[in-house]
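Chains as they are written, first to last, in this note's numbering: chain D, 1 to 545; chain Z, 1 to 258.
Hints are computed from structural coordinates only; laboratory data are not their basis. If you're wondering where the values come from, they're calculated on a predicted model, not measured in any experiment. Where hints are given, some of them may not hold.
What the hints assert, rightly or not - Derived DSSO-like pairs: lysine-lysine, alpha-carbon spacing no greater than 27 angstroms straight-line:
#, chain 1, residue 1, chain 2, residue 2
1, D, Lys26, Z, Lys138
2, Z, Lys26, Z, Lys209
3, D, Lys180, Z, Lys67
4, Z, Lys138, Z, Lys173
5, D, Lys186, D, Lys18
6, Z, Lys207, Z, Lys220
7, Z, Lys172, Z, Lys218
8, Z, Lys172, Z, Lys26
9, Z, Lys26, Z, Lys67
10, D, Lys26, Z, Lys123
11, Z, Lys209, D, Lys18
12, D, Lys333, D, Lys466
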Amino acid sequence: MMAKGIFRFIGIDWNQFKCLMSVSIKNDFRRHRGMAGRSSKISPMVWSMIFYSMMSIALAAGLAPVTTTFLYSLLILSYSMVIMVLIVILEFSTTIISSDDSDILAYRPISSRTYFFARLGNLLFYVFLMTSSICFFPSIIGITIKGSSWLFPFLFLIVAVVANAAAASFVVLIYTTLMKVVRGEKFKDIIAYAQVFFTFFTILIYQLVPRLSQKYLSSDSEISGKWLYATPSAWFAGFIQFLLGRDESIYILLSIIAAVSTFLLFFISFRRISMQYADRLSALQVSSEKRDRTSKIFKKRKKSIAFIFLNRPEAEAGYELSIQMFKRDRLIKMGAYALFGMPLAFILITMMDRGLEDPFAGWFSSPTSYLGVFFIFFMIYSFLTLIRYATDWEASWIFRVAPITSPGLIYRGIKLMIFSRFVIPFFVVLGVIYSTQIPLMHALRHMLTVAVFGLIFLSFTSLFIKEYPFSRKRERGERSQRLAVMFFSFPFFILLIFVQRFIYGNFLGWLIMLTAMFVLFIILETLSVKVIDRRIKSHLLSRSF
Amino acid sequence: MIELVNLTRNFGDLVAVDGVTFEVPKGQICGYLGPNGAGKTTTVKMLTCMIPPTSGTAVVSGFDILKNSLEVKRLIGYVPESGAVYQSLTPHEYLSFVGRIYGMNRDLIERRIDEFCEFFGLKDNLHQRMSEFSRGMKQKVVIASAMIHNPDVIFMDEPLSGLDANTAVVLKKLLRNLADAGKTIFYCSHILEVVENICDRVIIINKGKIVADGSVGKLKEMTRRSTLEDVFSELTSSEDLGEVARAFLKSITQDRTE
Chain D
1 MMAKGIFRFI GIDWNQFKCL MSVSIKNDFR RHRGMAGRSS KISPMVWSMI
51 FYSMMSIALA AGLAPVTTTF LYSLLILSYS MVIMVLIVIL EFSTTIISSD
101 DSDILAYRPI SSRTYFFARL GNLLFYVFLM TSSICFFPSI IGITIKGSSW
151 LFPFLFLIVA VVANAAAASF VVLIYTTLMK VVRGEKFKDI IAYAQVFFTF
201 FTILIYQLVP RLSQKYLSSD SEISGKWLYA TPSAWFAGFI QFLLGRDESI
251 YILLSIIAAV STFLLFFISF RRISMQYADR LSALQVSSEK RDRTSKIFKK
301 RKKSIAFIFL NRPEAEAGYE LSIQMFKRDR LIKMGAYALF GMPLAFILIT
351 MMDRGLEDPF AGWFSSPTSY LGVFFIFFMI YSFLTLIRYA TDWEASWIFR
401 VAPITSPGLI YRGIKLMIFS RFVIPFFVVL GVIYSTQIPL MHALRHMLTV
451 AVFGLIFLSF TSLFIKEYPF SRKRERGERS QRLAVMFFSF PFFILLIFVQ
501 RFIYGNFLGW LIMLTAMFVL FIILETLSVK VIDRRIKSHL LSRSF
Chain Z
1 MIELVNLTRN FGDLVAVDGV TFEVPKGQIC GYLGPNGAGK TTTVKMLTCM
51 IPPTSGTAVV SGFDILKNSL EVKRLIGYVP ESGAVYQSLT PHEYLSFVGR
101 IYGMNRDLIE RRIDEFCEFF GLKDNLHQRM SEFSRGMKQK VVIASAMIHN
151 PDVIFMDEPL SGLDANTAVV LKKLLRNLAD AGKTIFYCSH ILEVVENICD
201 RVIIINKGKI VADGSVGKLK EMTRRSTLED VFSELTSSED LGEVARAFLK
251 SITQDRTE
């Protein structure tokens, strides 16, 4: 009754709010089961939660013996808030903008405010689940820290939920404000670029906090510094200290900042923008701005690439379709751009640490030197995952009725598009960055080696494809699951380090090895077309329509 | 019941609906026809308060679509062309959800669900997820969701799409009965035989402007054509469609592939 009264006071229809919430939660947990070709009974959301739990246990177990409760809270909260922000950025398209909602709810008598708070409520529920998976075990492990108390797990968990909700809400606030300020097609463009910035910035902060606090590990002195006042995770870590009864001025001040910022975020900002939210959403849906910025030069270049590498109609169709999907499909576009933020941030961090080291000078002394390269595997893997989904996934019926002799060739076209339009430009940027740190020829040779290795990885990963591209509906948790799967590319990363170690010694050896790797790529690519053909055909046969 | 005055909607430079003015009284089934891109769906989206007009006004069930959009939405039902539903829900869950959105009590929702499922033959599928449904079955749920709250005005965009012949017949009879009971039905379709059959009045829109308005008989008389199909072609196409078809056939049968 009380909740009902409060909701009525702020202009929200309690009954509508309740049923919108329950339907959205049902949708989140059920959606994957009804989808074409989906065999797993466990939702991607559950997989992500298991993965985050495992990661946080490892992190907490490593930190607990060498930290104070404040530093421990700071580092774990930094980790969880960064993960949360990344999840909301990656899942934004299924969390805030829902085309299903617009189709089904736009003509129902739901006020903008009720609708917005229902979406926000759904997001916070999701945040609660994810925070629990990230912070539950660290909160228990926190008891073992010197000077901790039995109250710590409770306080830590409660504050972590609030901190993560504030982090998620911050992203929502930025995005919805953008939605309000920028209209239609421009919004879609800006949001794609904003994803790169957000990811970049988040990773940067995530890497900076441990570096700034490194000297305090295994030390009796408590962490301090003005930077704490500018670090959101430190505000909430300070709040935990305050709740634990530590009344030093720094914790009181940090607690005040945490409380004020959370209050401002939840109550003032959202209240201001929620009234017009649904209108913005429907405006986004009906936006019909038509643009064709494809220049004649581009069209010519596109034709020549297709002419050189693809001499089959299926491959050309795959190439052309994927170009358009990456340009026009909002979900794919946003996912693709977000991928660039992470490697760029890690490269910058590596440069700030010790600089990019010359791979021709022997074993790298810093493991982070490999991170930029490692993320190339992540990108390739992510692109191949990205192309499984589309807003217009239902249009994939065309693949099943068209006389396609080789589905693998469609993927060949798509792989060429991914490599020529995303991976190569990234390598060029990376090569330029490397050339500022190491000799130009070394940078060039290194990039060439990694590029060929990337090609091998691209063909290898595509061996596991079993469905037509753009044929699945996006589901909540799928993209954060991808974030988790990234870590399983690690064996390839190790392999690359060893290959580099042995072939960078002399030029001729490198050239022979590079040629051998290229031949391996051609073999794998030929094989992948056959394997994809077989897998897709048998998958279609096993499906019930 | 529905009153439009100079209703206009622009998308950038494109004028999708251009100063449309008409009235649909209570108890009338009004067919709203036009070629693709003529402005039918845009008109309906404005009348259902999904998008605001660029200029002009409209009143639905006594409420202004701009000033009282929530009141309008409470009194209307809409069957969208997309036929979108939350496919991971069952028909029972979905219709309960829609009923609660309209503030109906649980007993009434249950009763209506039973009635609609009986009517559409969905009893056996009531607790089955709609992701497993055919297009026609989903369409039945969409139609039920548009009527569950007993609206005064029902907007329908291709409502027969995907329905089997028997359901289509019974739905057409239901629409007639609803109109006789005082409900206003705004019916958009490309199936001209159906429109001719069930609509009291037909409005034809082309390039955003109304080009004809009247009963089927009146329109036939006005254009001196024998069928609504001929009337429609006469008013919305400047070419001889038979000749266009013959020329096209000639073109596509020349070579299978180039």
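Status of the hints after comparison with the structure:
no. : hint                   : result
1   : D:Lys26 with Z:Lys138  : 18 angstroms, holds
2   : Z:Lys26 with Z:Lys209  : 24 angstroms, holds
3   : D:Lys180 with Z:Lys67  : 21 angstroms, holds
4   : Z:Lys138 with Z:Lys173 : 20 angstroms, holds
5   : D:Lys186 with D:Lys18  : 34 angstroms, violated
6   : Z:Lys207 with Z:Lys220 : 21 angstroms, holds
7   : Z:Lys172 with Z:Lys218 : 22 angstroms, holds
8   : Z:Lys172 with Z:Lys26  : 18 angstroms, holds
9   : Z:Lys26 with Z:Lys67   : 22 angstroms, holds
10  : D:Lys26 with Z:Lys123  : 22 angstroms, holds
11  : Z:Lys209 with D:Lys18  : 43 angstroms, violated
12  : D:Lys333 with D:Lys466 : 23 angstroms, holds
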